[in-house]
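Visitor: My request is simple: use the sequences and hints to build the entire structure.
Chains as they are written, first to last, in my numbering: chain A, 528 to 990; chain B, 528 to 990.
It is possible that part of the hints are untrue.
Now the in silico label distances, taken between C-beta atoms and shown as ranges [stated by the list, open to error]:
hint, chain 1, residue 1, chain 2, residue 2, range
1, A, 741, B, 828, 22 to 30 Å
2, A, 741, B, 582, 25 to 33 Å
3, B, 705, A, 721, 31 to 39 Å
4, A, 634, B, 828, 51 to 59 Å
5, A, 569, B, 765, 40 to 48 Å
6, B, 634, A, 702, 51 to 59 Å
7, A, 737, B, 618, 30 to 38 Å
Source of the hints: derived by calculation from the structure; they are not laboratory data. The beta carbon of each residue, even a glycine, is placed where N, CA and C say it ideally should be.
2 protein chains.
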Amino acid sequence: MVEQEFLGYINENRLFGSMDRVLLAVSGGLDSMVMTELFYRTNQLFAMAHVNFSLRGAESDADAVFVQNKAEQYGVPFHLIRFDTAAIAAERGISIQMAARDLRYSWFADLCRQQGYACLATAHHKNDVLETLLLNLTRGTGLAGLHGIAPKQERSDSAVLVRPVLFATRSQLAEYARVHALPYREDSSNADDKYARNRLRHHVVPVLNELNPGLWQTLPRTVERLRAAETLVDTELARSWTEVVVQHGQSVFLPAAKLLILPEVTFRLAAWLKPFGFGEEQTNQMLDSLSRSVGQVFASPTHQITHDRLADGNTGLLLESLQAVPKYEVTLTDWPDMPIDVAGQFTLTIDVVDKPIDFRPPVDSRIAFLDAERLTFPLIIRPWKQGDRFRPLGLRGHKLISDLLNDMKLTRSERQHTVVLLCESQIAWVIGRRIAHAFRVTQQTRHIAKIEFHASRLYPKST
Amino acid sequence: MVEQEFLGYINENRLFGSMDRVLLAVSGGLDSMVMTELFYRTNQLFAMAHVNFSLRGAESDADAVFVQNKAEQYGVPFHLIRFDTAAIAAERGISIQMAARDLRYSWFADLCRQQGYACLATAHHKNDVLETLLLNLTRGTGLAGLHGIAPKQERSDSAVLVRPVLFATRSQLAEYARVHALPYREDSSNADDKYARNRLRHHVVPVLNELNPGLWQTLPRTVERLRAAETLVDTELARSWTEVVVQHGQSVFLPAAKLLILPEVTFRLAAWLKPFGFGEEQTNQMLDSLSRSVGQVFASPTHQITHDRLADGNTGLLLESLQAVPKYEVTLTDWPDMPIDVAGQFTLTIDVVDKPIDFRPPVDSRIAFLDAERLTFPLIIRPWKQGDRFRPLGLRGHKLISDLLNDMKLTRSERQHTVVLLCESQIAWVIGRRIAHAFRVTQQTRHIAKIEFHASRLYPKST
Chain A
528 MVEQEFLGYI
538 NENRLFGSMD
548 RVLLAVSGGL
558 DSMVMTELFY
568 RTNQLFAMAH
578 VNFSLRGAES
588 DADAVFVQNK
598 AEQYGVPFHL
608 IRFDTAAIAA
618 ERGISIQMAA
628 RDLRYSWFAD
638 LCRQQGYACL
648 ATAHHKNDVL
658 ETLLLNLTRG
668 TGLAGLHGIA
678 PKQERSDSAV
688 LVRPVLFATR
698 SQLAEYARVH
708 ALPYREDSSN
718 ADDKYARNRL
728 RHHVVPVLNE
738 LNPGLWQTLP
748 RTVERLRAAE
758 TLVDTELARS
768 WTEVVVQHGQ
778 SVFLPAAKLL
788 ILPEVTFRLA
798 AWLKPFGFGE
808 EQTNQMLDSL
818 SRSVGQVFAS
828 PTHQITHDRL
838 ADGNTGLLLE
848 SLQAVPKYEV
858 TLTDWPDMPI
868 DVAGQFTLTI
878 DVVDKPIDFR
888 PPVDSRIAFL
898 DAERLTFPLI
908 IRPWKQGDRF
918 RPLGLRGHKL
928 ISDLLNDMKL
938 TRSERQHTVV
948 LLCESQIAWV
958 IGRRIAHAFR
968 VTQQTRHIAK
978 IEFHASRLYP
988 KST
Chain B
528 MVEQEFLGYI
538 NENRLFGSMD
548 RVLLAVSGGL
558 DSMVMTELFY
568 RTNQLFAMAH
578 VNFSLRGAES
588 DADAVFVQNK
598 AEQYGVPFHL
608 IRFDTAAIAA
618 ERGISIQMAA
628 RDLRYSWFAD
638 LCRQQGYACL
648 ATAHHKNDVL
658 ETLLLNLTRG
668 TGLAGLHGIA
678 PKQERSDSAV
688 LVRPVLFATR
698 SQLAEYARVH
708 ALPYREDSSN
718 ADDKYARNRL
728 RHHVVPVLNE
738 LNPGLWQTLP
748 RTVERLRAAE
758 TLVDTELARS
768 WTEVVVQHGQ
778 SVFLPAAKLL
788 ILPEVTFRLA
798 AWLKPFGFGE
808 EQTNQMLDSL
818 SRSVGQVFAS
828 PTHQITHDRL
838 ADGNTGLLLE
848 SLQAVPKYEV
858 TLTDWPDMPI
868 DVAGQFTLTI
878 DVVDKPIDFR
888 PPVDSRIAFL
898 DAERLTFPLI
908 IRPWKQGDRF
918 RPLGLRGHKL
928 ISDLLNDMKL
938 TRSERQHTVV
948 LLCESQIAWV
958 IGRRIAHAFR
968 VTQQTRHIAK
978 IEFHASRLYP
988 KST
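Guide: In structure tokens form, the structure reads like this:
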């Protein structure tokens with residue numbers, strides 16, 4: 528009966544095929560021992576993996592021995608690893624729970640890759656779904672915190688996770704263990720949440736189950752609806768993002784005029800900017816700032832947002848990368864035959880040609896025509912520095928690069944990523960912006976160095 | 528302090544203006560008595576309304592007296608009504624709770640309209656939000672069951688509902704009542720839910736509050752996120768509906784080819800068809816039917832859906848109204864000068880003109896050119912009946928109307944709404960479909976009756 532449901536659930540949700548080898552994450556607790564027994568009794572191909580987190584001394588070691596003995600009994604491959612979780616957590620400055628999860632899943636993913644397992648199976652069940660949902664609801668959440676645990680999920684490290692006992696409640700698994708006299712150890716996972724989950728398990732869930740005896744039948748449908756709703760929300764978020772954003776150099780710009788007419792703009796902006804490290808509090812402040820004059824700046828660990836006015840007069844939010852400005856120096860000792868990759872930031876192509884009779888300076892500032900005889904090797908390419916100065920083409924005096932970039936009304940990120948070409952310590956070209964008067968093509972010029980700048984884009988078109 | 532929060536909440540959510548007269552729904556219980564006191568102490572313009580549901584005999588009557596005395600004390604207008612709720616519920620075949628809600632809100636809406644109150648205020652608070660959310664979660668729900676109670680809401684009867692004490696928890700209201708020695712009666716509303724709500728209140732909510740002492744601060748944000756998510760889901764549902772549907776006469780058609788590639792089609796279809804009275808179980812079956820041959824029919828109280836194949840060969844779901852076919856007969860005794868409205872179903876315009884030399888029969892079947900001399904008054908317009916027959920233009924013999932409509936591969940709804948024009952008990956035109964041979968324009972015709980049919984659409988373009 529339970530075996531039938533188990534097989535039915537695997538097939539219905541296409542968790543894995545009958546010839547697939549599945550790696551089971553086995554703590555030795557009730558849930559994972561019942562899952563393993565179900566794999567065994569239904570003749571699936573499987574192996575067992577156990578992580579010793581070294582968090583409960585001899586008890587942890589005894590868990591490992593217990594699971595290993597079971598694997599020998601079943602006659603299946605067994606994988607064991609031991610982590611000094613507490614030390615690693617301290618070293619990385621994260622919680623023990625988070626460290627345990629990271630260590631566990633990255634080891635499982637490695638095992639799947641190296642040993643060719645089709646997927647990793649964990650023993651999550653219906654109570655886990657409800658408890659997680661209630662816990663998230665209690666602590667504050669959005670849709671993502673309510674959508675439960677998926678039967679099948681591909682992780683970003685491309686490992687595939689399956690939950691083949693998600694069809695059952697904890698008490699159904701306990702009943703199965705009792706009927707088959709299955710031994711198991713007390714579950715040691717989720718130590719930090721354990722107290723909260725126990726409170727929910729013993730005090731909250733029984734009341735809900737009393738109010739709706741069909742709770743375990745309605746719950747999966749509720750969760751499925753919320754998961755579907757989340758997909759539609761994501762669709763609408765992606766659609767409206769592409770409608771609103773304007774690419775601005777290497778940054779993106781969200782015009783206030785478009786933002787402020789969007790329904791639920793607070794929610795949208797928070798969702799859009801979350802991947803860039805901004806919190807809800809900040810996005811609320813950004814929206815508030817739009818009703819004041821420009822200039823306010825908001826920073827996340829990786830990005831910054833400025834309430835800014837662009838050259839076309841439009842105001843809005845400018846999203847720029849705070850990517851550390853790379854320090855590098857590229858030296859050219861001869862004219863290159865191939866495009867030069869400059870520290871992964873951009874490429875330059877250089878062609879040296881005879882000056883045509885009808886020479887005209889280029890219109891596009893990404894292309895520089897310089898006097899080739901005037902450029903002597905070595906040439907240096909590096910980011911500009913405070914204090915750098917040069918005489919721009921057509922100007923009488925010298926100018927600080929910082930003033931030039933300010934005058935050009937560039938964004939902070941654009942200013943930061945500006946690079947110069949030097950010849951004998953003199954700036955010949957503020958790359959992509961302006962050439963130096965001394966290196967211009969004159970009537971005496973015989974050969975022209977045509978240098979072209981190709982930038983890569985920092986931002987994706989949509990989140 | 529509480530008064531400040533109260534005023535702040537009203538302003539922030541723009542519930543009503545300082546000159547607006549607000550009608551308070553007052554049961555006499557803790558929540559509504561505190562709300563009333565807050566209105567009084569902050570000098571708002573208000574009136575009180577109490578409903579006696581006659582559900583607890585003398586106790587109900589005592590509640591009414593208690594509230595009335597309070598209104599006199601405050602010196603504000605008081606409105607009272609008494610319903611025999613149990614009898615009305617039995618008569619309408621609905622639950623007492625539903626009857627109480629219907630009676631209460633329709634009376635409040637009437638009062639607002641007649642007496643010019645700007646809005647109706649109810650005393651919902653934060654615990655109501657959490658309890659409703661948990662109750663819906665327990666019983667099974669979608670996003671709509673989790674989005675809480677809005678601070679301000681316009682009802683379909685155009686009454687405006689406000690919840691000015693939604694900023695407070697039940698215990699904050701109780702503390703306020705204690706401090707100000709406010710008397711109140713045991714709340715009698717929500718009788719059916721009372722047991723469930725009490726269980727949640729005493730056993731579940733305290734555990735959640737222990738797990739997150741900031742629960743009452745995070746809850747409104749969670750609810751706000753879910754409400755915003757719901758708006759985005761609705762936007763995406765409306766957008767994809769217009770992308771998928773094809774208008775087909777008076778019905779709409781959902782092509783299988785477009786449906787089956789939609790992400791989360793099960794969820795979408797259920798949401799789209801809910802307003803037409805179909806349940807989730809049915810929509811799942813409809814999707815299943817698409818992988819079989821056409822013909823399966825699904826009915827709701829007002830509509831039917833057929834897995835059908837259209838004339839262009841496309842298969843899909845055809846949504847038709849089951850609106851009862853109206854019975855009517857329109858008699859014309861002379862040529863009309865104005866368009867004729869036929870029982871609100873469609874209009875006919877009739878022009879009688881000299882036959883042009885270069886006469887060509889119309890291509891559009893919604894226009895009939897008939898021999899005006901052949902049409903003698905009275906003319907009758909009525910729905911076709913089983914047994915009706917005529918000789919279609921160009922055919923040798925007579926044909927049953929039912930056979931003609933079947934041959935034309937019309938939908939059930941289109942067949943049902945087909946109407947005929949009769950002259951001396953003979954069918955001259957199956958309106959919008961085919962004219963009768965005997966009434967055609969011949970070489971002998973001198974005047975032509977040009978009759979044009981204008982249908983109205985039954986379905987909106989999007990839900």
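Visitor: Against each hint, give a clear statement of whether it holds in the structure.
Guide: Quick rundown of the hints versus the structure:
At roughly 25 Å, the beta-carbon separation of residue 741(A) and residue 828(B) lies within the given 22 to 30 Å, and the hint holds. Range check, residue 741(A) to residue 582(B): about 28 Å between beta-carbon atoms, so the 25 to 33 Å window is met. Between residue 705(B) and residue 721(A) the CB atoms are about 38 Å apart, so this pair conforms to the stated range of 31 to 39 Å. Hint check: residue 634(A) to residue 828(B), Cβ distance near 57 Å, so the stated range 51 to 59 Å holds.
Between residue 569(A) and residue 765(B) the Cβ separation comes to about 45 Å, which falls inside the hinted range of 40 to 48 Å. Between residue 634(B) and residue 702(A), the C-beta spacing of about 53 Å keeps the proposed range 51 to 59 Å intact. At roughly 33 Å, the beta carbons of residue 737(A) and residue 618(B) sit within the given window of 30 to 38 Å.
Going through the hint list in order, the structure satisfies each hint without exception.
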